[in-house]
Amino acid sequence: MALVNLSSPHHHSLNKTSRLMVWVLLATLPGLAVQSYFYGYGTLINLLWASFLALGFEAIVLGLRRRPIMPYLTDGSALVTAFLIALALPPFSPWWLTLVAVLFSIIFAKHLYGGLGNNPFNPAMVGYALCLIAFPVSMTQWAGTEATLTFGQQWQWFWLESVTGGIDSWTRATPLDLMRRTNGLTLTEVASSNPQLGLGLVASMWINLAYLLGGLILLAARVFTWHAPVAMLAGLGFCAGLFHMGEPDLYPSASQHLLTGATMLSAFFIVTDPVSGATSRKGKLVFGVGVGILVFIIRSFGSYPDAFAFAILLMNLSAPLIDTYTQPKAYGHQPKKSRSQGEE
Amino acid sequence: MRKTWNFHGGVHPLENKTQSNQLPIVVMPAPKQLVLPLSQHMGKAGKAVVKPGDYVFKGQLIASAQGFVSANIHAPSSGYVSALEERTLPHQSALSGPCIVIDTDGKDQWGDLNPTIDPKLLSKSDLLYLIQAAGITGMGGAGFPGAVKLQPKSSIHTLIINAAECEPYITADDRLMREYADQIISGIQLVQQLLDQPQCLIGIEDNKPEAIAALNHALNQHMNIEVCVIETKYPSGGEKQLIEILTGQQVPNEGIPADIGIVCQNVGTVKAVFDAIVLGQPLITRITTVTGKAAVNAGNYEVLIGTKVADVLAFAKVDLIKTSRLVMGGPMMGFTIQDTQTPIIKSSNCILAAADLELATVADHHSCIRCGLCEVACPAELLPQQLFWFAKAEEFEKAQDHNLSDCIECGACAWVCPSQIPLVQYYRYAKGRIKALNNETQLAELSRMRFETREQRLVDEKSAKEEKRKLRATAAAAAQAAKRAANPTSADPIAAALARVNKRKQEQQTATTPKSPEEVYKELKTAAAITRTKLNKTSKALTDAKAQDHEQAAGLQETVIALTTKAAVAQAKLHAYETKLGLDPEKEKILQVSVAKANGTIRQLEKILATAADPKRIEADILNAKATHEAATQALADHQTNLTKKPTSAQES
Amino acid sequence: MQTFYFAIVILALLAIVFGAILGFASIRFKVVGDPIVDQIDKLLPQTQCGQCGHPGCKPYAQAIANGEAINHCPPGGEATIKALADLLDLEAIPLDAEHGSEAIRTIAYIREDECIGCTKCIQACPVDAILGAAKQMHTVIIDECTGCDLCLDPCPVDCIDMIPIEVTPVNWHWQQPEQLIATSSSPYSHGAPDHA
Ligand code: SF4
Ligand code: SF4
Ligand code: SF4
Ligand code: SF4
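Chains as they are written, first to last, in this note's numbering: chain A, 61 to 404; chain B, 4 to 656; chain C, 74 to 269.
Calculated directly from the structure, the hints in this document are not laboratory data.
You may find that some hints are simply not true.
For lysine-lysine, the following DSS-like pairs were computed, each having C-alpha atoms within a straight-line distance of at most 30 Å [as the list claims (entries may be wrong)]:
| # | chain 1 | residue 1 | chain 2 | residue 2 |
| --- | --- | --- | --- | --- |
| 1 | C | 193 | B | 543 |
| 2 | B | 569 | C | 131 |
| 3 | B | 600 | C | 208 |
Sample of chain C residues lacking proximity to chain B, with all beta carbon distances greater than 10 Å (derived) [to be verified]:
| # | residue |
| --- | --- |
| 4 | 83 |
| 5 | 95 |
| 6 | 110 |
| 7 | 112 |
| 8 | 250 |
Glycine included, each C-beta is placed from N, C-alpha and C at the ideal position.
Please put together the full structure from these sequences, using the hints given.
So this is what it looks like as structure tokens:
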């Protein structure tokens, strides 16, 4: 047998990229289940459709780029992107909305930058943000929680964008939206005048808790470190708490911020995206805090229903800068002062 | 229990130690042939002090250390030195280097040994001398000469004995401690004696309970030595990591442990110190683990330094057919060898004969997903993913900014990487390139300085010549004036007018500063040489390109044609100028060759003379040849003086 | 309206903070510059071979400063062109074939038995890397030879060889692993070190 010539180490852990991705996919399941429980089959249909599209586009682009298809396809990164898009889009998104989002994320945000590992932005968020800007109406058609469409109705809506009785009787503004467009009323007044807010908040809370559970599973499996998500939640919570203390009538409380919208989904599944985030642990803290603050600012003062996509893209932009300033100290490199003392 | 600290990162690869640590150490008999590389370590090569054909006793000095970071080498067994030649070195490159080859005679006969009866009476310098003389090097991995570390410039408060043996598979130190605990403790005491009795901490991983027990048993009453049991985690046996675990201090970067009052030695090394001082035996054997699925008799063997890997493998019944990867050292940091004729050296602690699929398969690697697992694992607290990125993009400066040089190549990052990127190879590549580039820059700087000095020298020489010429001219003028003064009638108006005209002419010439013929000649020559060189190179490139049916060929073809004309023109110009100056390089060449020939004949004859039966005749021949040589040299010299004269005359015309 | 003011205040704050950072960086990381010719000269390989058409690297550096193309130096090759392009903010262009092609570095070696001691090579060597006197055999100081080839032609008896620099365990190093997945057929290829 010929003896090979290789560089050490000759040993390797059983860790694989695909293993990490499978963990991420599994960890979204609790959230998916709770979301479907409250809003119906929309998310599920979306998810299957997005997965199908993502794998298809990935294969096509890999073919065009003359890369081997199977090894890249099985690394699972395209599926993760698809899942995130499907979970973030409203349950009432029609087929073409998902298609645009997936197409844009896989082709433009990922492969035009050189494929997995080279993309400066989180692909799912690029697709989502694009749809948010291009199709604001479709992106705010959130489902109500009182009654859900049957699978047949949902299926029909998904492909034809028509449903018996019209979609309007089924859609509701999201709680976040309601709390932002107060038309001069205080939050208490909004809540009392609009019973849906309360219901929406409850659903939101359960969904967020489910994603939190998924995130904790990933933490336990050491798929990522705690730094970025905790920093993001802390940043958001702190800002929200501060403003709520000052003007409780205008600004929702920290817990409402933390448990509505896509807070937990973004904290544990998107902010933790290693490719487009900051590198070192210190950098991840800064990155997370930045996302948290931006989410609060955009939610409170911007005009979009939810803020995390823009917040994350903005922080993706600044990740290289953060990296430059948060390079950790290597072994044996003392802080300057003590070193010069040592020399004297 | 002593307080221990933790170091950043680290990994827990499967230990795989039980395959080899069950049985006692087996002494392997001397093989037929021993190969001893003159360079046993990363320092300078030693100098052989034996010749082929010499008989050497076991333990006799055969190569002496050269300089500070170098170590003596001794004959591991008795026999005849059969060769001093290039053999494959135990190095990743599989290149060869100078080795002493000894054919053993099987008697294994010791030379004179000088055991020390009472080592306590030895002075520090005696101890140091004995350690140096015994050729002791670090037995852990790097193989740094032991004596170097034992003469620190600052005072030492802690001696750390590295018994962690954190690499999977290796059990050589484990077995050594179980069986030679007393000797190890005595060795430690000798080192303590040498270093003014610092406290001693033995760092040992908790996966070696028997060794710990043996050491503690041997220790018994020695108060200044302590066995510190540490958590099993790779790479706790890295010198810097072990120091941090045991003292909580970090070795300053670019510094050495002695800077913070610490010296670290491997257990094997202190055992060797014991052998050298108490028994008087130089370092000629070591314990090597032979393990891996392909080894039937996996275990630890006491082998002579210089034993070929093939012999060791045969002795341990390794099935070479089953082996696809031979690693010298452990699976995390060892290097692969391809030639089983490679010898064991002082730092070879393990030979891992791995069967297929036993070690990581050579998977194709994916892109880095920046998951950060490598960063979590890195004991040097670096950002491996960034280093990888910079190494891959060849941005070496940035890699250095991210402290690439602090990477200890432990492989923890590559071990955890889910994309299975051969990270360490990237770092090694980047380090090698950085070193090469630094060398190149240094060389370039040197060349630039030399080039500038030379230019300066040429300018100086020229101005000195000019100066001399002027001096001559004034002297001549003065002589003329004196002549004129002596003979005033010759100062007629015509001559004066002529002189004026001449002077004006000269002034004009200096005003336009025409180039001197030598300069013109030289320039033409350089131009001709440069075009010729260019032509040669391009034609070569052209043939290459043609051979590969390259698209460039057509372009190159044109260039060649253009250059040919250029070269011809330059040559013609040069030639024209040469004829103008009356130079004849062809002739000069012929003359030079004849001088060389004559010279050659003389040397040949002189060689023959030494052994000749008829010295008288040959001496006569030599005389003849010398005469021819003289004549040829004369002719050449004449010709050359002609050359130097001619331009001057040309200037006048 | 309140939002509007808020946005303005935030933007102003951001501008001040980043301005301060940039200002600090520009002072902190300021580079004190050599004259441009020296900077260019530093990047040239200093082989002094004249293949660029100038009698040495410094003159070529001068010429580049005066606008000559940066792709005339074969010993420097792509790396030098890239470095020059970075320094001068130009586009990196391929090496001009008229001046030669990039080759592995060699050093001169004089077959001393055949050397007739004519001193011609000494005169040709731009960096004084040849040692010897008239009618004595000559030898090349290998650490100082730049491999410029200029001593080959003048030698009347052709006793100078250009040999590649030897690879030893000291200067050997690993090559980059082959790029990423499945670009090669051999499963072991990314580990095979090249002797360079
Ligand atoms: S472990 Fe591998 S994939 Fe993860 S960041 Fe490090 S190099 Fe990249
Ligand atoms: S090989 Fe270097 S970069 Fe990788 S873990 Fe070890 S010290 Fe860190
Ligand atoms: S071609 Fe030769 S002389 Fe010109 S810059 Fe390059 S190395 Fe220097
Ligand atoms: S010895 Fe020859 S090749 Fe080397 S630098 Fe001098 S002239 Fe150039």
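Now for the hints, and whether the structure bears them out:
1. Between residue 193/C and residue 543/B the CA atoms are separated by roughly 25 Å; this keeps the pair inside 30 Å, and the hint holds.
2. Proximity of residue 569/B to residue 131/C is assessed by CA-CA distance (about 24 Å); at most 30 Å being required, the pair is judged to hold.
3. Note on residue 600/B and residue 208/C: the hinted pairing holds, with a Cα-Cα distance of about 13 Å set against a maximum of 30 Å.
4. Chain B leaves residue 83/C outside its interface by the beta-carbon criterion, the shortest separation being 30 Å against a cut-off of 10 Å.
5. Even its closest Cβ contact with chain B, about 20 Å, leaves residue 95/C beyond 10 Å, as expected for a residue assigned away from the interface.
6. With a cut of 10 Å on Cβ distances, residue 110/C stays outside the contact zone with chain B, its closest approach being about 12 Å.
7. Its beta-carbon lying about 13 Å from the closest one in chain B, residue 112/C satisfies the requirement of being farther than 10 Å from that chain.
8. Distance check on residue 250/C: its Cβ comes as close as 5 Å (rounded) to a Cβ of chain B, failing to clear the 10 Å threshold; non-interface status is violated.
Against the hints set out earlier in the document, a violation occurs for number 8 only.
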